[in-house]
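There are 2 protein chains.
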Amino acid sequence: MSEQNTPHTDIGTLGEFGLIDRIASHFTPTQNETTKGIGDDAAVMDYGGQPIVVTTDLLLEGIHFDLMYHPLKHLGYKAIIVNLSDVCAMNAVPKHVTVSLGISNRFSVEAIDELYEGVRIACEAYGVDLVGGDTTSSPSGLMISVTAIGSAPKEKITYRHGAKSGDILCVTGDLGAAYLGLQILEREKQVFLANPDMQPELSEKKYLVGRQLKPEARLEAINHFEKSGLVPTSMIDLSDGLASDLMHLCKASGTGAFVEEAQVPIHDEARLQAMEFKLDPITCALSGGEDYELLFTVDPSDLDKVRFMNSVYIIGEMTSEADGINLHTTGGQIHPITAQGWKHFE
Amino acid sequence: MSEQNTPHTDIGTLGEFGLIDRIASHFTPTQNETTKGIGDDAAVMDYGGQPIVVTTDLLLEGIHFDLMYHPLKHLGYKAIIVNLSDVCAMNAVPKHVTVSLGISNRFSVEAIDELYEGVRIACEAYGVDLVGGDTTSSPSGLMISVTAIGSAPKEKITYRHGAKSGDILCVTGDLGAAYLGLQILEREKQVFLANPDMQPELSEKKYLVGRQLKPEARLEAINHFEKSGLVPTSMIDLSDGLASDLMHLCKASGTGAFVEEAQVPIHDEARLQAMEFKLDPITCALSGGEDYELLFTVDPSDLDKVRFMNSVYIIGEMTSEADGINLHTTGGQIHPITAQGWKHFE
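Just so you know, the sequences run in chain order A and B. Residue 164 in this note's numbering is what sits at position 164 of the first sequence, and the numbering runs on without skipping anything. Residue 161 in this note's numbering is what sits at position 161 of the second sequence, and the numbering runs on without skipping anything.
If we strip away everything but chain A, and leave its shape as in the complex, we get:
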């Protein structure tokens, strides 16, 4: 019960990724059952059968969601999806989730039912069982901690670190829409707060708002890979944004990469909305997060397997590490893609 005079280093000086690196440096796996510890979309363990993959995410009110525009049912759904997406990013099939909730007493039983109804719908849609969790009262705010477990044959598990120069860079769907959906919801919230009689007009923004509020995990891509006998050389899910997540892939694989601006899929509504917000659509695609598409690389010999795959877009190529990570613009220029995403307005 005494204040100690220890050094105080601000967490902000490390950032999330720096903090994770620092933690990971203190934990070296020692158990035979551990195939992959910290540092990928999910951990991989071998308990004698098919390897299992495990991932976990903590979602906090006021940080990851705003109850003014995230309906509880959608929130329950999304909390499951973001974890299933991490399992899919290992080329594995999710099977189990646990859900822990911290809830303040301002929530009614009916509100909790709503949230779990979203969890149930997601579990049913993806063939996943809820097998456990923890519920506790919270002094303030809602918090949701989900752990997802899945498995895949050892030879199919795909890590961030397998890409090599010359591999083809692909993505499973259009980018930037979830970010723009969030900007719309934020704007409508401000309008509502200024004038509570004003009801938001979101019906024309269904696609963008839907991408933010009700994302999907790309399990069908994993099933396509299985059917066509394709194993990507590396994979990651796009939660932080193309720029940031591509950098993770390149760092883990020891490669560079280039992205062809003209090939990055951007939905028409996202393009229009970006312009309405005076943003460049490619900036939204590079730096906007939460699209939960899969970013993956394939060996050039597998080109034909992805070329005609439904909802797969070839957006670039892996290069040598020395070449860095670059955007080839439609105007024919080469711009480095930076950690915070490529700054188009600089």
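Hints are computed from structural coordinates only; laboratory data are not their basis. Please read these numbers as outputs of a predicted model, since none were measured by experiment. Accuracy of the hints is not assured; some may be wrong.
A pair counts as met if it fits within one copy or between any two copies, since identical chains are not told apart.
[Claimed, not checked] Pairs of lysine to any residue, SDA-like flavour, derived with a Cα cap of 20 Å:
1) 73 / 9
2) 214 / 124
3) 251 / 19
4) 156 / 48
5) 73 / 8
6) 73 / 25
7) 73 / 26
8) 154 / 50
9) 73 / 22
10) 305 / 230
11) 73 / 24
12) 227 / 24
13) 164 / 252
14) 154 / 49
15) 154 / 48
16) 73 / 19
17) 156 / 49
18) 205 / 191
19) 73 / 11
20) 73 / 27
21) 189 / 229
22) 205 / 192
23) 251 / 299
24) 154 / 46
25) 73 / 28
26) 214 / 230
27) 73 / 35
On the provided structure of chain A, position chain B as indicated by the hints.
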């Protein structure tokens, strides 16, 4: 962004166990890999090798711990232990944990290091690997979500539901000390708040305070069972208190039980401290939680295997459901043990 006129049922009317039952009723496992879903100390899954068990706990500042007297290193240690204890309660050996943290920016990098140092010490002591997690900023308060994974041969996994009338009821260590340790810490906190110059005098209370701040998981009991070829008929870990957790065991097994007051192990310091607080020691043992001992039952034919086992106490016997759950007092009386713990002062 509109308030809906839905019914509002207060969560308090359900309680934690009622809420869990309500949630569980909406989730029926459908996947082949699910052996046991919600309703035991851990879920059990079969991915083709040795079955794995998974459990998760969410610890919140202001609910589960008070940073005024829970040092961060101890907190990191305890957050791991309470989960390993749940794995042990399935007669399984823990192997992996994930740790997710919500941290406000009032915490320094050094403080986070302290917390993870406790996590690291627990992992090392129990032969467990930290393989993942999530770190996020928190708008207020510290929150720790841990998931633990372990495994055991199918025929050794022990559930809450296997006890039968005539089975012997055992516990792995003394009870009530963690609760009394918490009462001491609470008292010293009040003294400190009233007079910050007053430093707490805890050196004479090391055992009780230690049981609260640095609990252990009874992995050595699991190892003893293994060595002596004993498989308990049912098991649960004592997190809520003997009364409450014995009721879970009886409910799941469809039995009653009696506990012999004279046989319940209570540490001398706990006995003295209870009297100082004008509490009955047996009440502390029955209703105080967080001892993290294992409560288990064995077939009478296994009596010799437990009789001379180190740190195992035979405290009672399972009976038919109709007999209820009772305490046989040292005075020769029979008192029913109730949900909230047996009220000795009524």
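Taking the hints in turn, this is what the structure says about them:
| no. | hint | in the structure |
| --- | --- | --- |
| 1 | 73 / 9 | between (39 Å within a copy, 17 Å between copies) |
| 2 | 214 / 124 | within (15 Å within a copy, 40 Å between copies) |
| 3 | 251 / 19 | within (17 Å within a copy, 45 Å between copies) |
| 4 | 156 / 48 | both (16 Å within a copy, 16 Å between copies) |
| 5 | 73 / 8 | between (41 Å within a copy, 16 Å between copies) |
| 6 | 73 / 25 | between (38 Å within a copy, 18 Å between copies) |
| 7 | 73 / 26 | between (38 Å within a copy, 14 Å between copies) |
| 8 | 154 / 50 | both (7 Å within a copy, 16 Å between copies) |
| 9 | 73 / 22 | between (36 Å within a copy, 17 Å between copies) |
| 10 | 305 / 230 | within (7 Å within a copy, 54 Å between copies) |
| 11 | 73 / 24 | between (34 Å within a copy, 17 Å between copies) |
| 12 | 227 / 24 | neither (36 Å within a copy, 35 Å between copies) |
| 13 | 164 / 252 | within (11 Å within a copy, 54 Å between copies) |
| 14 | 154 / 49 | both (10 Å within a copy, 13 Å between copies) |
| 15 | 154 / 48 | both (11 Å within a copy, 13 Å between copies) |
| 16 | 73 / 19 | between (32 Å within a copy, 17 Å between copies) |
| 17 | 156 / 49 | both (14 Å within a copy, 18 Å between copies) |
| 18 | 205 / 191 | within (16 Å within a copy, 58 Å between copies) |
| 19 | 73 / 11 | between (33 Å within a copy, 18 Å between copies) |
| 20 | 73 / 27 | between (37 Å within a copy, 15 Å between copies) |
| 21 | 189 / 229 | neither (47 Å within a copy, 63 Å between copies) |
| 22 | 205 / 192 | within (17 Å within a copy, 56 Å between copies) |
| 23 | 251 / 299 | within (18 Å within a copy, 57 Å between copies) |
| 24 | 154 / 46 | both (9 Å within a copy, 16 Å between copies) |
| 25 | 73 / 28 | between (39 Å within a copy, 19 Å between copies) |
| 26 | 214 / 230 | neither (28 Å within a copy, 50 Å between copies) |
| 27 | 73 / 35 | neither (36 Å within a copy, 28 Å between copies) |
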